[in-house]
Amino acid sequence: MTVRGFILSAGLLALAACGRSQPGLDQTGDRPELPDQRQTLLPPMKIATPAGWENEKPTAPAGFSVTAFATGLAIPRQMLVLPNGDILVAEGSGGSAPALRPKDVIATQIKAMGKTSVKGGNRITLLRDADGDGRAELRSALITGLNAPYGLALVEGQLYVATQDALLRFPYHEGETRITTPGVEVTRLPSRINHHWTKSLAAGPDGSKLYVGIGSNSNVGERGMAVEEDRAVIWEVDRQSGMHRTYASGIRNPTALAVEPQTRRLWAVVNERDELGPQLVPDYMTAVRPGAFYGWPYSYWGQNVDPRVRPQQPDMVRRAIRPDYALGSHVAALGISFATGAGLGPAYAQGAFVGQHGSWNRQDLAGYKVVFIPFANGRPAGKPQDFLTGFIKDGHARGRPVGVSYDPVHGALLVADDLSNSVWRIAPTRR
Amino acid sequence: MPSAPPRTRPLLHPLHGLLLAWPVALFPAALLSDITYLNSAEIQWSNFSAWLITGALIGGGLVLLWALIALARAKGPARRQHGLYLLLLALMWACGLINAFQHSRDGWSSVGTIGLILSLLSSLAALAAGWTAFAGYREVRP
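Protein sequences appear in the order of chains A and B. Using my numbering, you'd call the opening residue of the first sequence number 55 and step up by one each time. Using my numbering, you'd call the opening residue of the second sequence number 1421 and step up by one each time.
By construction, these hints were calculated from the structure, which means they are not laboratory data. Glycine is no exception: its CB is placed at the ideal position from the N, C-alpha and C atoms. Any given hint could be a false lead.
Derived Cβ-Cβ restraints for the label pairs, each shown as a range [stated by the list, open to error]: (1) B:PHE1554 / A:ASP369: 53 to 63 Å; (2) B:GLY1556 / A:GLN367: 52 to 62 Å; (3) A:GLY296 / B:LEU1482: 52 to 62 Å.
With a straight-line cut-off of 25 Å between C-alpha atoms, the simulated SDA-like cross-links for lysine to any residue are [unchecked claim]: (4) A:LYS165 / B:GLY1475; (5) A:LYS437 / A:THR113; (6) A:LYS165 / A:LYS437; (7) A:LYS165 / B:TRP1471; (8) A:LYS263 / A:LEU192; (9) B:LYS1495 / B:LEU1431; (10) A:LYS100 / B:PHE1521; (11) A:LYS100 / A:ALA161; (12) A:LYS169 / A:SER150; (13) A:LYS165 / B:LEU1431; (14) A:LYS100 / A:VAL209; (15) A:LYS111 / A:ALA161; (16) A:LYS111 / A:ALA166; (17) A:LYS165 / B:THR1474; (18) A:LYS165 / B:LYS1495.
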């Protein structure tokens, strides 16, 4: 082969790496269409670089008003609505994965182009909107000095905070805006490397158990399986003793957990693997079945074997179960919250809101919005509907949704946005 | 006065030779660690390969540039040798670059059959380029 021929074929390979999506593929719902695997020399990457909101706001359906509930936060992630209507926001950024390959150095740089330059707050901020104008006029640092807090839960006057290395408990009294009592460690959480550092948290239906989502330490086991012990799992933690057991496994990155109000079952949104093509693998939400294995890293969406994992484990692939509901490939679902009651109107009385941070691993941007999935009898009953959009404008990201929280006290939805460092509030327009 | 027999003259500047040692050593080293990865499925071997290939590309890139300039300036009997040398370097570097992308894929896909073949090709090209360079060329006396 001549030099020219070689350069030409290298160029062709690079072109092939652009990885276009097939139009018309339906990748949401309980039976997503899965295309063939397409591994390319260069993973298709498209970063939506940040742009400001310029006094504009995300777009909600007709009949809803959007307000900037809070701005100027320091990387808001997950939220919790307290019984008195105060809102807690966990702010921070974690992870300490060392660069193992030249790729890690480069990919980190590229992904950073789509993120905020603000440093994570490592705190829990309390927001209060006493006058009901949709803006929090009171803001207070409730707890400071935390190590990348993420998941939040309140059970019987105890506030639980899942940081990137421990589950902490703080006493909480209604109405207070500052907690100075040091947190009690309920249990340590796996934190070595912390490739996926977020520790999601939800209290079980009877309050005796807490559930902690712990993401994998790699995309698909490329750091070796030794560092994946106690990763890609959901822990069930006994609230009193701090003892834990693995509740579900093979669940790559369970970024948010919530209990479905009708069936009282635990649901998770999960981010699936990258670099098998722009339309593989769909992120999903699923009711978490106790003891279930969801395939990672050996297979996805049931028995679809991932050839990158060696040695392969056919017995594990056989055990893998299919999740309940696909959300789309690379949408990066980071938040889930169930509606409880008709505070947002009858169309949104039963179902899940899902915050989608948005893609980097496909040319056609996906996610960057909040969707609503209607439920009936505690199960998904329809396609995702756009609820909050407008995060992308002219190819630039103005915001990236993370946590979503339905506020039953005020009948509103809150959306944390970790790019513009705001919390958006969506509520029915007052007449 | 009897004419002296034609001498063999080195093709390279000493610094050029030192830089050439990078790809000559690192591409075959990557080949060996690729083979070890494929035999062991121990991912650290693939990580080693990725860094070795990157190092080989850095040294090899400078050598490629130098060889290009040297060819432009070469005259007489050295010219042919410089051309062959540049061709081998270009082949080595192109294989190495594609292989660097290959090695940035995850798990088994970071090497696989394609990665092994590319490592083999870039190693052979590096060794052949080194041989061509250090064999030098015959000086032709008028």
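Evaluated hints:
1. Range check, B:PHE1554 to A:ASP369: about 54 Å between beta-carbon atoms, so the 53 to 63 Å window is met.
2. About 55 Å separates the C-beta atoms of B:GLY1556 and A:GLN367, a value consistent with the hinted range of 52 to 62 Å.
3. Distance hint check: the CB atoms of A:GLY296 and B:LEU1482 are about 57 Å apart, consistent with the given range 52 to 62 Å.
4. Note on A:LYS165 and B:GLY1475: the hinted pairing holds, with a Cα-Cα distance of about 24 Å set against a maximum of 25 Å.
5. Our distance criterion of 25 Å between C-alpha atoms is met by A:LYS437 and A:THR113, whose separation comes to about 19 Å.
6. The hinted pair formed by A:LYS165 and A:LYS437 fails the criterion: a straight-line CA distance of about 30 Å is larger than 25 Å.
7. At roughly 21 Å between alpha-carbon atoms, A:LYS165 and B:TRP1471 fall within 25 Å of each other, so this suggested pair holds.
8. For the hint pairing A:LYS263 with A:LEU192, the CA-to-CA distance comes to about 32 Å; that exceeds 25 Å, so the pair is violated.
9. With a C-alpha separation of about 12 Å, the suggested pairing of B:LYS1495 with B:LEU1431 holds against the 25 Å cut-off.
10. A distance of roughly 17 Å separates the Cα atoms of A:LYS100 and B:PHE1521; the hinted pair therefore holds under the 25 Å criterion.
11. With a CA separation close to 12 Å, the supplied pair A:LYS100 and A:ALA161 stays within the 25 Å bound.
12. Only pairs whose Cα atoms come within 25 Å are accepted, and A:LYS169 paired with A:SER150 is accepted, the gap being roughly 17 Å.
13. For the hint pairing A:LYS165 with B:LEU1431, the CA-to-CA distance comes to about 45 Å; that exceeds 25 Å, so the pair is violated.
14. Proposed proximity of A:LYS100 and A:VAL209 is contradicted: the alpha carbons are some 41 Å apart, above 25 Å.
15. Restraint check for A:LYS111 and A:ALA161: the C-alpha separation of about 30 Å exceeds 25 Å, so the hint is violated.
16. A hinted pair counts as satisfied when its Cα atoms are at most 25 Å apart, and A:LYS111 with A:ALA166 qualifies at roughly 24 Å.
17. A distance of roughly 21 Å separates the Cα atoms of A:LYS165 and B:THR1474; the hinted pair therefore holds under the 25 Å criterion.
18. Annotation: proposed proximity of A:LYS165 to B:LYS1495 is violated, straight-line Cα distance about 49 Å (limit 25 Å).
The structure is inconsistent with the numbered hints 6, 8, 13, 14, 15, 18, although it conforms to all the rest.
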